[in-house]
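Residue-level listing of the chains:
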Amino acid sequence: MTALTIRGVTKSFGATPVLGGIDLHVPAESLTAVLGPSGCGKTTLLRLIAGFDDPDAGVIAFGDETVFGDGRSTPPQRRHVGYVPQEGALFPHLTVTANITFGLPRKARVAKHRVPELLELVGLDVRVADRYPHQLSGGQQQRVALARALAPEPSVVLLDEPFSSLDAGLREATGRAVVSALRATNATAVLVTHDQAEALSLADQVAVMRAGRLVQLAEPPVVYGSPLDVGVARFVGDAVLLAGQVRGAHVDCPLGTIALRAGNIDGAAEVLIRPEQILLRGDGSGVPARVEEVSFYGHDAAVRLTLLPDGPRVVARITGERDLPAPGQQVGLVVTGDALAYPLSG
Amino acid sequence: MFATGVALLALLPLGFVVWATISTGWAEAEKLIFRPRTGELLWNTVRLTAGAVALCAVIGTATAWLVERSNLPVRKAFHVLLTAPLAIPAFVNSYAWVSLLPSATGYGGALLIVTLSYFPFVHLPVAAAFQGLDPALEETAHALGLSRWRTFTRVVLPQLRPALLGGALLVALHLLAEFGALQMLRFPTFTTAIYDQYQSTYNGPAANMLAVVLVLCCLLLLVGELKGRGRARLSRVGTGVARPATRARLGRAAIPVLTALCVLVALSLAVPLASLTYWLSGSSAEFDAEMIAATATTSLALGALGAVCTVGLAIPVAWLVVRHRNALSTFLERSTYFGNALPGIVVALALVTIGIQVVPGLYQTTVMLLAAYAILFLPRAVVNVRSALAQAPPVLDDVAHSLGSGRLAAFRRVTLPLIAPGLGAGAALVFIAVVTELTATLLLAPIGTTTLATQFWSHSDSAAYGAAAPYAALMVLLSVPATYLLTREGIRR
Amino acid sequence: MRWSMRVTAAVSAVVLAAGCGNGASGGDALTLYNAQHEDLMKAMVEGFTKETGIKVNLRSGKDFELANQIVQEGDASPADVFVTENSPAMSLVDAKGRFAKVDDATLAQVPGQYSPSSGNWVGFAARSTVFAYNSKQLTAEQLPKSIVDVAQPQWQGKIGVAAAGADFQAIVSAVLEVTGEDATKQWLAGLKRNAKIYPGNIAVMKAVNSGEIQGGVIYHYYWYKDRAEASANSKDTELKFFTDGDPGAFVSVSGAGVVKASKKQADAQKLVKYLTSKGGQQILSDSKALEYAIAKDATPNSKLKPLNELKPPPIDVAKLNGPKVVELMQQAGLI
Numbered sequence: 139m140t141a142l143t144i145r146g147v148t149k150s151f152g153a154t155p156v157l158g159g160i161d162l163h164v165p166a167e168s169l170t171a172v173l174g175p176s177g178c179g180k181t182t183l184l185r186l187i188a189g190f191d192d193p194d195a196g197v198i199a200f201g202d203e204t205v206f207g208d209g210r211s212t213p214p215q216r217r218h219v220g221y222v223p224q225e226g227a228l229f230p231h232l233t234v235t236a237n238i239t240f241g242l243p244r245k246a247r248v249a250k251h252r253v254p255e256l257l258e259l260v261g262l263d264v265r266v267a268d269r270y271p272h273q274l275s276g277g278q279q280q281r282v283a284l285a286r287a288l289a290p291e292p293s294v295v296l297l298d299e300p301f302s303s304l305d306a307g308l309r310e311a312t313g314r315a316v317v318s319a320l321r322a323t324n325a326t327a328v329l330v331t332h333d334q335a336e337a338l339s340l341a342d343q344v345a346v347m348r349a350g351r352l353v354q355l356a357e358p359p360v361v362y363g364s365p366l367d368v369g370v371a372r373f374v375g376d377a378v379l380l381a382g383q384v385r386g387a388h389v390d391c392p393l394g395t396i397a398l399r400a401g402n403i404d405g406a407a408e409v410l411i412r413p414e415q416i417l418l419r420g421d422g423s424g425v426p427a428r429v430e431e432v433s434f435y436g437h438d439a440a441v442r443l444t445l446l447p448d449g450p451r452v453v454a455r456i457t458g459e460r461d462l463p464a465p466g467q468q469v470g471l472v473v474t475g476d477a478l479a480y481p482l483s484g
Numbered sequence: 025m026f027a028t029g030v031a032l033l034a035l036l037p038l039g040f041v042v043w044a045t046i047s048t049g050w051a052e053a054e055k056l057i058f059r060p061r062t063g064e065l066l067w068n069t070v071r072l073t074a075g076a077v078a079l080c081a082v083i084g085t086a087t088a089w090l091v092e093r094s095n096l097p098v099r100k101a102f103h104v105l106l107t108a109p110l111a112i113p114a115f116v117n118s119y120a121w122v123s124l125l126p127s128a129t130g131y132g133g134a135l136l137i138v139t140l141s142y143f144p145f146v147h148l149p150v151a152a153a154f155q156g157l158d159p160a161l162e163e164t165a166h167a168l169g170l171s172r173w174r175t176f177t178r179v180v181l182p183q184l185r186p187a188l189l190g191g192a193l194l195v196a197l198h199l200l201a202e203f204g205a206l207q208m209l210r211f212p213t214f215t216t217a218i219y220d221q222y223q224s225t226y227n228g229p230a231a232n233m234l235a236v237v238l239v240l241c242c243l244l245l246l247v248g249e250l251k252g253r254g255r256a257r258l259s260r261v262g263t264g265v266a267r268p269a270t271r272a273r274l275g276r277a278a279i280p281v282l283t284a285l286c287v288l289v290a291l292s293l294a295v296p297l298a299s300l301t302y303w304l305s306g307s308s309a310e311f312d313a314e315m316i317a318a319t320a321t322t323s324l325a326l327g328a329l330g331a332v333c334t335v336g337l338a339i340p341v342a343w344l345v346v347r348h349r350n351a352l353s354t355f356l357e358r359s360t361y362f363g364n365a366l367p368g369i370v371v372a373l374a375l376v377t378i379g380i381q382v383v384p385g386l387y388q389t390t391v392m393l394l395a396a397y398a399i400l401f402l403p404r405a406v407v408n409v410r411s412a413l414a415q416a417p418p419v420l421d422d423v424a425h426s427l428g429s430g431r432l433a434a435f436r437r438v439t440l441p442l443i444a445p446g447l448g449a450g451a452a453l454v455f456i457a458v459v460t461e462l463t464a465t466l467l468l469a470p471i472g473t474t475t476l477a478t479q480f481w482s483h484s485d486s487a488a489y490g491a492a493a494p495y496a497a498l499m500v501l502l503s504v505p506a507t508y509l510l511t512r513e514g515i516r517r
Numbered sequence: 078m079r080w081s082m083r084v085t086a087a088v089s090a091v092v093l094a095a096g097c098g099n100g101a102s103g104g105d106a107l108t109l110y111n112a113q114h115e116d117l118m119k120a121m122v123e124g125f126t127k128e129t130g131i132k133v134n135l136r137s138g139k140d141f142e143l144a145n146q147i148v149q150e151g152d153a154s155p156a157d158v159f160v161t162e163n164s165p166a167m168s169l170v171d172a173k174g175r176f177a178k179v180d181d182a183t184l185a186q187v188p189g190q191y192s193p194s195s196g197n198w199v200g201f202a203a204r205s206t207v208f209a210y211n212s213k214q215l216t217a218e219q220l221p222k223s224i225v226d227v228a229q230p231q232w233q234g235k236i237g238v239a240a241a242g243a244d245f246q247a248i249v250s251a252v253l254e255v256t257g258e259d260a261t262k263q264w265l266a267g268l269k270r271n272a273k274i275y276p277g278n279i280a281v282m283k284a285v286n287s288g289e290i291q292g293g294v295i296y297h298y299y300w301y302k303d304r305a306e307a308s309a310n311s312k313d314t315e316l317k318f319f320t321d322g323d324p325g326a327f328v329s330v331s332g333a334g335v336v337k338a339s340k341k342q343a344d345a346q347k348l349v350k351y352l353t354s355k356g357g358q359q360i361l362s363d364s365k366a367l368e369y370a371i372a373k374d375a376t377p378n379s380k381l382k383p384l385n386e387l388k389p390p391p392i393d394v395a396k397l398n399g400p401k402v403v404e405l406m407q408q409a410g411l412i
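Residue numbers (my numbering), protein chains in the order written: chain Y, 139 to 484; chain R, 25 to 517; chain F, 78 to 412.
Among these hints, one or two may not hold up.
Quick list of the computed label-pair ranges, beta carbon to beta carbon [unchecked claim]:
(1) F/E306 / R/W43: 25 to 33 Å
(2) Y/G158 / R/L432: 46 to 54 Å
(3) F/E404 / R/V383: 24 to 32 Å
(4) R/L501 / F/E115: 19 to 27 Å
(5) F/G288 / R/E163: 38 to 46 Å
(6) F/E306 / R/G130: 23 to 31 Å
(7) Y/Y435 / R/L432: 25 to 33 Å
(8) Y/P230 / R/G29: 46 to 54 Å
(9) F/S287 / R/E163: 55 to 63 Å
(10) R/P97 / F/R270: 50 to 58 Å
(11) R/I279 / F/G288: 35 to 43 Å
SDA-like cross-link-like pairs, simulated, lysine to any residue; straight-line CA separation at most 20 Å [unchecked claim]:
(12) F/K119 / R/S482
(13) F/K119 / R/P60
(14) F/K337 / F/A172
(15) F/K269 / R/S482
Hints are computed from structural coordinates only; laboratory data are not their basis.
Where a beta carbon is used, it is the ideal one built from N, C-alpha and C, also for glycine.
From just these sequences and the hints, can you work out the full model?
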């Protein structure tokens with residue numbers, strides 16, 4: 139498998155710029171998630187890599203081979219990419235076997251080359267081989283779509299929000315099955331998604347996109363723990379943002395004085411704390427706050443609080459213990475770990 | 025480019041009508057249009073259309089409700105029986121009636137027979153609308169205190185409006201274009217009058233001016249339907265699965281309702297079929313088997329060619345509108361729909377004139393006839409090809425490309441197999457329409473070409489009912505498969 | 078690639094085959110624009126082909142439809158020969174100069190009164206106007222004395238005509254020729270009030286026979302044909318022949334002519350000659366058409382009221398004015 143390199147890729151549709159100079163390197167045999175809200179251009183980027191559309195400028199290379207550059211473009215059918223679109227897009231008129239072998243030469247198609255092996259790889263029973271797509275569940279369809287993409291042994295596998303149409307439970311299981319199949323085949327893969335949990339849990343590195351630009355490219359813990367700015371912070375997880383004053387390695391904010399992880403700013407700042415860093419205390423210690431609302435999820439719970447006397451409001455995420463605080467109850471808040479500070483925007 | 029050509033072809037008759045008006049000159053046109061005869065024809069056309077549309081709407085809605093929302097016994101069989109009259113072309117139906125009951129002519133006869141021929145055009149879409157109607161709406165209305173009847177008028181009827189209007193428009197347009205049936209029933213309307221003028225003056229100004237008025241009527245109807253459709257969103261708003269509706273109990277009304285339905289089926293189906301059987305078996309006429317075979321072959325060949333050409337023309341238009349939707353492609357698609365509203369006689373007159381004056385090389389050739397069929401039946405093909413293409417989203421092409429297939433290979437291995445059923449359905453509908461087409465074929469068929477419809481017509485025109493019967497029977501037989509298609513899919517416009 | 082090319086090739090082959098194979102205008106065959114009854118012309122043409130070996134294709138239509146078509150087609154007309162049921166359509170084509178002169182030998186085969194003085198077409202058959210009436214509803218005394226009388230108020234709703242047909246329009250042209258324009262206008266207005274309009278002469282006769290109307294103006298042979306068969310549509314119907322030069326005694330002449338644009342003038346002349354020859358006229362006499370054979374040496378059909386007993390008004394066949402009649406009938410609202 140080969141690495142994927144993108145340099146200075148731009149694309150506009152008519153007068154609307156969609157991508158404004160993307161640089162991205164996906165190391166061989168790794169999975170990169172391109173994470174961004176809808177309309178940020180991530181799907182366009184994927185289509186440019188696949189060759190369905192051509193960039194206005196820039197270079198796209200698979201390993202040493204330039205597939206787009208200097209105005210020359212290799213057509214999609216000769217790029218050897220594996221493409222897994224949203225909702226799988228299985229050929230509805232073909233059986234699972236015929237779908238999987240679609241991209242193989244005629245002889246291999248007739249021989250049903252590697253079908254059982256590929257089915258096993260994506261975690262499907264061989265008995266589905268003769269079924270038609272409409273006889274499969276959504277998760278099964280996605281797995282078949284992946285098997286189809288992997289069958290011709292592509293240089294790069296591209297996945298375009300492949301799990302977005304699945305139910306929550308199915309989404310995770312399918313995601314894990316897909317990733318393990320990708321790893322088993324040592325594939326170089328790009329996964330486009332707007333779901334941060336998916337990106338963080340599945341990928342080797344996460345590329346956060348916003349408004350046609352790549353904002354941050356890093357490993358998942360870095361993206362979550364040290365987001366480049368407030369926007370990224372909010373996008374990759376729940377965030378409590380408070381106004382504060384930075385003093386050296388600490389910051390003063392309504393939740394007290396907290397150690398800073400990094401940063402070289404001074405004075406007024408926006409302080410980022412993750413909800414799971416906020417602990418509730420019933421022994422009178424900590425910053426006093428009133429419980430407004432409790433959402434119980436089972437494994438954990440979100441507690442919305444107002445700092446006394448009158449704000450600001452914060453969210454704390456606590457484990458799903460048996461005696462949850464009741465709305466109206468007064469508690470104390472304590473922050474564990476360190477916080478991040480960002481210069482005030484605008 | 026190609027699609028533009030198709031749209032231009034479809035707009036030819038309209039262009040012709042405009043040209044005819046201009047070249048006739050206002051003074052002459054005024055003289056020909058504003059004469060008592062035009063008024064008479066207009067009155068006839070309007071009262072027949074209004075009467076038949078009203079009757080069809082009432083009957084079609086009632087039968088649709090009975091089949092879809094009541095506990096009527098053998099509902100499925102009734103649905104088929106109530107759709108089956110579509111397999112009997114209206115002019116065959118009038119032939120069947122008139123040959124048995126010569127007094128079934130004039131307004132009363134015409135109204136009766138066209139209603140019996142066309143009420144399925146309302147029954148089908150309204151039945152489909154009932155199927156799609158969320159019973160929760162009716163239940164909500166009941167819960168809000170509305171009676172069954174008030175619920176029907178205030179909740180159900182507005183929901184049925186698009187289907188009802190669509191069906192009514194179809195009935196009205198068919199009536200405006202109807203020639204054979206009304207000629208046989210001796211009820212002159214614009215279309216029969218145009219044909220009379222054609223026989224007396226060929227494509228003289230009198231014929232053309234009547235065509236102008238007729239086209240105006242058609243356009244008026246189209247606009248009326250668009251306005252009447254309104255802008256309210258009439259589908260289910262929420263998500264979730266609609267439950268099947270609880271059926272109304274007919275109770276003591278069951279017997280009279282059943283009797284009425286049986287009478288309707290008897291009149292619309294049994295009478296024409298019995299009449300055909302009578303003429304086929306009982307009459308003394310000897311059938312010219314050779315002629316019947318030759319004519320049937322011509323009809324089949326024309327039908328097949330017409331279907332292939334029309335669907336072939338429909339593909340680029342549908343492709344554009346599905347894959348590259350913009351103002352231009354929408355306009356191109358819409359312009360092909362005019363064929364729906366244009367009577368065959370107007371299309372034929374236009375092509376006769378254009379043939380003689382512009383392309384004498386094509387004049388009196390099969391190509392010309394096929395062009396007329398294409399103009400008339402493009403809407404059926406475009407609608408089917410369009411919905412077929414919607415079954416083959418472009419992402420499948422992308423996937424096929426990424427798996428190494430080129431453009432053509434992707435079309436052959438993915439798109440074509442997916443749209444084939446739709447193409448087939450479109451082709452079948454065009455095929456049947458061509459086989460039973462009378463007016464344009466009468467005017468445009470090349471020398472020596474006779475079809476089932478024209479041969480039937482020339483026999484029944486001279487009241488040789490027995491000799492006409494085998495041609496009528498063949499047309500009915502050929503129409504059965506397309507009618508079956510319609511019952512399955514409902515009328516899509 | 079290869080697959081799609083095969084499909085394209087197949088489709089275009091089919092389209093081309095249909096486009097060319099069906100035109101039938103090429104080759105040696107003559108094209109006959111036929112407004113006469115198809116059965117009759119097929120029989121006569123068959124005789125012609127047997128005698129000369131020349132094949133003939135028919136395009137059937139109505140008198141004025143085909144006449145106007147020939148005029149509009151002009152030099153490009155595929156028609157070689159034109160035959161009608163009635164003479165006004167012939168006059169129309171003649172007036173536009175679209176006929177070639179008929180050979181003198183052909184004209185000589187037919188009595189002079191059946192051809193125009195121009196000699197541009199020739200009569201080959203004739204039919205007599207009659208008043209068909211329901212013999213159960215009308216007695217001989219109640220019948221109209223003249224065709225002009227059917228416009229009188231007492232006939233309101235009781236008579237029928239096939240107004241859109243060339244047959245009836247020829248009869249109107251005779252009325253116009255004999256009585257003049259004003260009287261004809263009045264007569265047509267009366268008809269508009271009185272008459273039920275039927276799509277054809279047979280329909281008129283059937284309506285008379287069934288008693289739906291009491292009488293109708295048609296041509297003689299529809300009645301004779303039906304009587305020769307099962308009489309299903311004429312059992313209760315009798316014919317009144319108008320006499321003594323009444324416009325209703327009009328004998329309409331079916332004409333044949335060679336189209337000027339024809340590229341096969343010699344063969345076309347042969348066909349017209351054949352239609353008026355002894356052989357051709359014999360087929361006409363023997364046929365079930367029961368129209369009058371009119372050539373000089375034709376054998377009359379004994380079943381018909383003899384041609385010389387009809388006392389038609391003296392009308393020059395060339396003078397019957399088709400377009401004027403159509404205009405008057407349009408004004409009257411009959412068509």
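Tested hints:
1. F/E306 / R/W43: 25 to 33 Å: 48 Å, violated
2. Y/G158 / R/L432: 46 to 54 Å: For Y/G158 and R/L432 the Cβ distance comes to about 35 Å; the hint is violated.
3. F/E404 / R/V383: 24 to 32 Å: 31 Å, holds
4. R/L501 / F/E115: 19 to 27 Å: Since the Cβ atoms of R/L501 and F/E115 sit about 25 Å apart, the hinted range of 19 to 27 Å holds.
5. F/G288 / R/E163: 38 to 46 Å: With Cβ atoms ~60 Å apart, the hint is violated.
6. F/E306 / R/G130: 23 to 31 Å: 28 Å, holds
7. Y/Y435 / R/L432: 25 to 33 Å: With a Cβ separation near 53 Å, Y/Y435 and R/L432 fall outside 25 to 33 Å, so the hint is violated.
8. Y/P230 / R/G29: 46 to 54 Å: 32 Å, violated
9. F/S287 / R/E163: 55 to 63 Å: 57 Å, holds
10. R/P97 / F/R270: 50 to 58 Å: 53 Å, holds
11. R/I279 / F/G288: 35 to 43 Å: 39 Å, holds
12. F/K119 / R/S482: 15 Å, holds
13. F/K119 / R/P60: At roughly 41 Å apart (the allowed maximum being 20 Å), R/P60 and F/K119 break the hint.
14. F/K337 / F/A172: Measuring from Cα to Cα gives roughly 12 Å; hence the hint holds.
15. F/K269 / R/S482: 27 Å, violated
Violated hints, in rising order: 1, 2, 5, 7, 8, 13, 15; the structure is consistent with all others.
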